[in-house]
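Given the structure of chain F, go ahead and fit chain S onto it with the hints provided.
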Amino acid sequence: MLLLGLVLAGGLYSLFAPHSATADTSSSDLVGQGHQLFLVGCASCHGLNGEGILTSNSTNYGPSLVGVGAAAVDFQVGTGRMPLAQASTQALQKPPVYDAQEIQALAAYVASLGPGPAIPDSKYTTASTDPSVISRGGEFFRTNCTACHNSGGTGGALPSGRFAPSVNNVTGAHIYEAMITGPQQMPVFPDTTITPQDKQAIISYIRALNDQPQYGGNALGKLGPVSEGAAAWIVGIGSLVVASVWIGTQGVRARR
Amino acid sequence: MSDQPHHGRDEPGQEPAREPGNEDALDRTGQQPGDPIPNPGLERHQPRPTDIDADQQRRAERQVSALFGLATLLTLGFCVAYFAIPQDSSFITTSASNLALGLTLGGALVCIGVGAIQWAKKLMDDHEIVEMRHPTASSPQDREEALEALDTGVAGSGFGRRTMIRTSLMGALGALGLPAVVMLRDLGPLPGDTLSHTVWAKGMRVVNDVSGIPIRPSDLPLGSLVNAQPAVIYETGADGEPRYAGTELLAVKAKASVIVVRMRPEEITPPPGREGWSVDGILCYSKICTHVGCPISLYEQQTHHVLCPCHQSTFDLADGGRILFGPAARPLPQLPLGVDDQGYLIAMSDFPEVVGPSWPTMPQDRTRT
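Respectively, the protein sequence lines represent chains F and S. Just so you know, we're using our numbering here: the first sequence kicks off at 1 and counts up by one. Just so you know, we're using our numbering here: the second sequence kicks off at 1 and counts up by one.
Treat the hints as calculated values from the structure; they're not laboratory data. Errors might be hidden in some of the hints.
Within a straight-line C-alpha distance of at most 25 Å, the following computed SDA-like cross-link-like pairs (lysine to any residue) qualify [what the hints assert, rightly or not]:
| no. | chain 1 | residue 1 | chain 2 | residue 2 |
| --- | --- | --- | --- | --- |
| 1 | F | K222 | S | T94 |
| 2 | F | K222 | F | R142 |
| 3 | S | K121 | F | Q250 |
Looking at chain F on its own, in the form it has when it is part of the complex (with noise of 0.2 Å):
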């Protein structure tokens, strides 16, 4: 009886408190807004205020979201990879299940919740076409991101059955959203080390990278040697013993 009654009020104060703290002010509102789409969607694995779930066994079922900051919910939510679809090895990217509004108003609610990385400014997020910035993003993409993505962005095998996916086709808003909060086993690489110039400079790279013609035919994914001795020794070397076969053959005769 106790316990019920615990419940009800709990449940009465987190349906009453926000409103009854909600000042008209249209961020106010929408952090509201973004609160209860944080209920409704979030809450059964991140608590009901952010603050984290743990397992019997002190694993997080949900991390505690306080202090993640905008940055991570706009990445983890605006690329589908929350909400989780499953609990498997990682979170996979799909369609976002939220549409641009709700995506802000989830973001601004979990920036509420303690102090983190903002959503980029659109002017570090946009690729510039300057050659002089590509050329220097590239140092910085050989340098910090072809360890894992591949140098051609395409992404790469972690231990455990984990990847390290393609950033080609990724915003320049996510991949900057990427750099600053490091989804999953991605570390993070803060403004204080690469500044947010640097980072433009990054995504103008891989945009010059998606964008040039692939000079050298088929890249068969630019997975390197994988891809392309696969190719090598079926198309390859198959289509020579196919040539071979043909020229050694007697052919038809006539019978006399």
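Relative to chain F, chain S alone:
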């Protein structure tokens, strides 16, 4: 050469199919009387349709010349494409110019090749021709003559008699081997102890690779990774030129590149003696794999593992760079970190261990989980 019978070859135009049991043929194949397998001879020749049907012959002729004609057109197409297609134009994401040049020239070569084979298979004379083996040795007479000439030369030159000339000539020829040995020195000066040292030294700042920005501990949020370098490679000498440039810079970076990571201090289990090597959970390790020296920064922030993409050696950065998996034989070398009076991260010494690839005489640590 002589006209000895065993040097004889089949005359051109000789009838190709030899009857089995022909004594001469048996002798020429080197078959001894009593060989278990008799010379099987050749099968009876079967003509092809093109040999007996004039229509088929003309058809094959047209096919071959069509292929050669197509090759000519493709080659001309190559020349046109070379000038007509701009280099940076694309066709379904590939380079239109390279695609057209490759298809036309490759197609021309394939057409010439296929035409030639088709010509040989359909129209060229296909009678089998036998060419018998013959011994590769010269005739006894030739060999005797050669030995005689050699003896005459040796006697005439006095090579056996004039021992002083002979010995000095042998000495001169032997000495010619010395430059070949001495020039091995050009493979480089011996490494000495340079393999055991890097440019890291006490007080040298740890800076961002590419940008050269120094790092404060407060710059690094949890889970962050910095690909870093020693500050000295961004410094200029008294003459205003960079301290290191060209191949020297590469040699320095090849040993001194590091990765800086930040994790919760309670997650770190430092090996004995390394308790003070981190700053608030910030650790610094060599970026060079101890297996064969690939640069590794494939860092998983949640597991604190770093994986080498070349041979999958995996190191645990929270546990002193211990080897978890793979062919690497030594843990990843750690650089002791400190903070200077302006609050920037610095190295407290050079790497106490050898960085980079291991070699067989090195002490190895194969402890695994």
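Comparing the hints with the structure gives:
no. : hint               : result
1   : F:K222 with S:T94  : holds, 13 Å
2   : F:K222 with F:R142 : holds, 15 Å
3   : S:K121 with F:Q250 : holds, 8 Å
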